[in-house]
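2 protein chains.
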Amino acid sequence: MDINILLFDDFETLDAFGPVEVFGCIEEYRLRYVSLNGGTVVSKQGIRILTENIDDVDPYGILLIPGGQGTRALVNDSEFIEKLSDAAMKSEYCLTVCTGSALLAKTGLLDNIRATSNKKAFEWVKSVNTNVLWVKESRWVVDQKYYTSSGVSAGIDMALGFVSEMFGVDKAREVCRHIEYIWNFDPDNDPYANIY
Amino acid sequence: MDINILLFDDFETLDAFGPVEVFGCIEEYRLRYVSLNGGTVVSKQGIRILTENIDDVDPYGILLIPGGQGTRALVNDSEFIEKLSDAAMKSEYCLTVCTGSALLAKTGLLDNIRATSNKKAFEWVKSVNTNVLWVKESRWVVDQKYYTSSGVSAGIDMALGFVSEMFGVDKAREVCRHIEYIWNFDPDNDPYANIY
Numbered sequence: 001m002d003i004n005i006l007l008f009d010d011f012e013t014l015d016a017f018g019p020v021e022v023f024g025c026i027e028e029y030r031l032r033y034v035s036l037n038g039g040t041v042v043s044k045q046g047i048r049i050l051t052e053n054i055d056d057v058d059p060y061g062i063l064l065i066p067g068g069q070g071t072r073a074l075v076n077d078s079e080f081i082e083k084l085s086d087a088a089m090k091s092e093y094c095l096t097v098c099t100g101s102a103l104l105a106k107t108g109l110l111d112n113i114r115a116t117s118n119k120k121a122f123e124w125v126k127s128v129n130t131n132v133l134w135v136k137e138s139r140w141v142v143d144q145k146y147y148t149s150s151g152v153s154a155g156i157d158m159a160l161g162f163v164s165e166m167f168g169v170d171k172a173r174e175v176c177r178h179i180e181y182i183w184n185f186d187p188d189n190d191p192y193a194n195i196y
Numbered sequence: 001m002d003i004n005i006l007l008f009d010d011f012e013t014l015d016a017f018g019p020v021e022v023f024g025c026i027e028e029y030r031l032r033y034v035s036l037n038g039g040t041v042v043s044k045q046g047i048r049i050l051t052e053n054i055d056d057v058d059p060y061g062i063l064l065i066p067g068g069q070g071t072r073a074l075v076n077d078s079e080f081i082e083k084l085s086d087a088a089m090k091s092e093y094c095l096t097v098c099t100g101s102a103l104l105a106k107t108g109l110l111d112n113i114r115a116t117s118n119k120k121a122f123e124w125v126k127s128v129n130t131n132v133l134w135v136k137e138s139r140w141v142v143d144q145k146y147y148t149s150s151g152v153s154a155g156i157d158m159a160l161g162f163v164s165e166m167f168g169v170d171k172a173r174e175v176c177r178h179i180e181y182i183w184n185f186d187p188d189n190d191p192y193a194n195i196y
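So the sequences go chain by chain: H and S.
For the first sequence, my numbering begins at 1 and goes up steadily by one.
For the second sequence, my numbering begins at 1 and goes up steadily by one.
Treat the hints with care, as some may be off.
In silico SDA-like cross-links for lysine to any residue, where the CA-CA straight-line distance does not exceed 20 Å [said to hold, decoys possible]:
no. : chain 1 : residue 1 : chain 2 : residue 2
1   : S       : K83       : S       : D9
2   : S       : K145      : S       : K120
3   : H       : K44       : S       : E27
4   : H       : K126      : H       : E137
5   : S       : K136      : S       : N184
6   : S       : K136      : H       : K44
7   : S       : K44       : S       : E27
8   : H       : K171      : S       : S164
9   : S       : K44       : S       : V75
10  : S       : K136      : S       : K90
11  : H       : K136      : S       : K90
12  : S       : K90       : S       : R177
13  : H       : K44       : S       : C25
14  : S       : K120      : H       : K44
15  : S       : K120      : H       : I26
16  : H       : K136      : S       : D9
17  : H       : K44       : S       : R32
One-sided excerpt, in silico: chain H residues whose CB lies under 10 Å from chain S [to be verified]:
no. : residue
18  : G18
19  : V20
20  : R48
21  : N53
22  : V57
23  : A154
24  : D157
25  : N189
26  : Y192
Simulated coverage check for chain S against chain H, where a stretch passes if three residues somewhere in it have a Cβ under 8 Å from a Cβ of chain H [what the hints assert, rightly or not]:
no. : segment
27  : 36–49
28  : 80–93
29  : 115–128
30  : 142–154
31  : 174–183
Just so you know, the hints here were simulated from the structure itself, not pulled from any lab data.
Using N, Cα and C, we set each Cβ at its ideal position, and we do this for glycine too.
Model the full structure from these sequences, guided by the hints.
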């Protein structure tokens, strides 16, 4: 199954590449890096990445949407939101990290769905779409096919949670050993929920 | 100050981009992505990254060396090891993640220096240079200007430890809040040291 990682200028590096590290350990997954128009995308941390055009990949897989500074402009980019909506609708599972959930919320697909986001940016994310059932205290939230995580590093914990649901907890723990990661495996353990 | 991140084909994504996420939060640092010949480098997880030629950047900064599958061939690539040796010698600080320490060990610069590495690959790394004072049980090790970490995710903990030494622990904790990271701040806490 393909994991389509949707990149855009000023995405937050670890939002995308934390989960990528986890999913890269799963033989059944093929990772593809896509963007609205293909070509070079530059992360907030200045990494220049070559991407495929989102129109050129099979959308019936897993869609991963990072967050970051770039989301602030993109929530108002109707062409981007339309493409995202189409891709998210066709995906078997749709995962967001950090303010990636603001982008997904803008499509309307999260209406009446439980979801979370970055805690520092939480008020802004909520303001993007108040029909979403926003959950403040959660490392990550699962509702139907939508997996939404808190800020940046929480995406790694969610990706491991996803692997655990798909392949069992032993597989998730095997990935942890491989990448020497200390997993916060409890989605209810969110140490950053109430610090702002 | 520049942080030069030395990339090569089949580097492990999170080895490089975990610390990048941390250092990207520090205003005083400028991140540069370099490789032996410049151009496109492809990580083990298939990310295609545009890099600068290592000859074109200022070497008197911080050098970050990731590990990964690509190191297995590179320890025997004399041109690469010579360039790495020159860059590491000129650097103010030199940081390795995972089997990146095998590359640095090959230069001889770690002789009689304490260092660590990935725990699954530890025996191979030791075999690259037995004059290094290899430390098995440590999340990361600091000796003189050399910071070496255990596998993959340990690089994030080390990067935060580095920030803590340079700018104080409050700055490191501020970065943790920003990226919602649960920091293993104790280099002696290495849960993966003795599982193989």
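Verification of the hints:
Simply put, K83 (chain S) and D9 (chain S) have alpha-carbon atoms about 16 Å apart, close enough for the 20 Å limit, and the pair holds. Distance hint between K145 (chain S) and K120 (chain S) is unfulfilled; the C-alpha atoms sit about 25 Å from each other, more than 20 Å. About 13 Å separates the Cα atoms of K44 (chain H) and E27 (chain S), which keeps this hinted pair within 20 Å; it holds. Proposed proximity of K126 (chain H) and E137 (chain H) is supported: the alpha carbons are some 14 Å apart, at most 20 Å.
At most 20 Å may separate the alpha-carbon atoms for a hinted pair to count; K136 (chain S) and N184 (chain S) meet this at roughly 17 Å. Only pairs whose Cα atoms come within 20 Å are accepted, and K136 (chain S) paired with K44 (chain H) is rejected, the gap being roughly 35 Å. With a C-alpha separation of about 29 Å, the suggested pairing of K44 (chain S) with E27 (chain S) is violated against the 20 Å cut-off. A threshold of 20 Å between alpha carbons decides the hint, and for K171 (chain H) with S164 (chain S) the separation of about 34 Å lies outside it, so the pair is violated.
Simply put, K44 (chain S) and V75 (chain S) have alpha-carbon atoms about 17 Å apart, close enough for the 20 Å limit, and the pair holds. For the hint pairing K136 (chain S) with K90 (chain S), the CA-to-CA distance comes to about 27 Å; that exceeds 20 Å, so the pair is violated. Under the criterion of a C-alpha separation no larger than 20 Å, the hint pairing K136 (chain H) with K90 (chain S) is inconsistent with the structure, at around 47 Å. Restraint check: the Cα-Cα separation between K90 (chain S) and R177 (chain S) comes to about 33 Å, which exceeds 20 Å; the hinted pair is violated.
Note on K44 (chain H) and C25 (chain S): the hinted pairing holds, with a Cα-Cα distance of about 10 Å set against a maximum of 20 Å. The suggested pairing of K120 (chain S) with K44 (chain H) is violated, with an alpha-carbon distance near 32 Å, which exceeds 20 Å. A C-alpha spacing of about 18 Å is found between K120 (chain S) and I26 (chain H), which places the hinted pair at or below 20 Å, so the restraint holds. At most 20 Å may separate the alpha-carbon atoms for a hinted pair to count; K136 (chain H) and D9 (chain S) exceed this at roughly 40 Å.
At roughly 13 Å between alpha-carbon atoms, K44 (chain H) and R32 (chain S) fall within 20 Å of each other, so this suggested pair holds. Below 10 Å, beta-carbon pairs count as interface contacts, and G18 (chain H) has one with chain S at about 7 Å; its hint therefore holds. Checking V20 (chain H) against chain S by beta carbon gives a least distance of about 5 Å; that is within 10 Å, so the hint holds. At about 4 Å, the closest approach between the beta carbon of R48 (chain H) and any beta carbon in chain S falls short of 10 Å, and the interface hint on this residue holds.
The restraint placing N53 (chain H) at the interface with chain S is violated, with a minimum CB-CB distance near 14 Å, outside the 10 Å limit. At its closest, the beta carbon of V57 (chain H) sits 13 Å from a beta carbon of chain S; the interface hint therefore is violated under the 10 Å criterion. Restraint check, A154 (chain H) versus chain S: the minimum CB separation of about 5 Å is within 10 Å; hint holds. At about 9 Å, the closest approach between the beta carbon of D157 (chain H) and any beta carbon in chain S falls short of 10 Å, and the interface hint on this residue holds.
A cut of 10 Å between beta carbons decides the hint on N189 (chain H): the least distance to chain S is about 9 Å, and the hint holds. Residue-level restraint check for Y192 (chain H) holds (minimum Cβ-Cβ distance to chain S is 5 Å; threshold 10 Å). Evaluation of the coverage hint for the segment 36–49 of chain S: fulfilled, as 7 residues show C-beta separations to chain H shorter than 8 Å, against a requirement of three. Interface restraint, the segment 80–93 of chain S with chain H: violated (0 residues with C-beta to C-beta distance below 8 Å; minimum three).
Check result for the segment 115–128 of chain S against chain H: holds, 3 residues qualifying (beta carbon to beta carbon below 8 Å, three or more required). Counting residues of the segment 142–154 of chain S whose beta-carbon sits less than 8 Å from any beta-carbon of chain H gives 5, enough to reach three: the coverage restraint holds. Note: the segment 174–183 of chain S has 6 residues with beta-carbon separation from chain H under 8 Å; the three-residue rule is met and the coverage holds.
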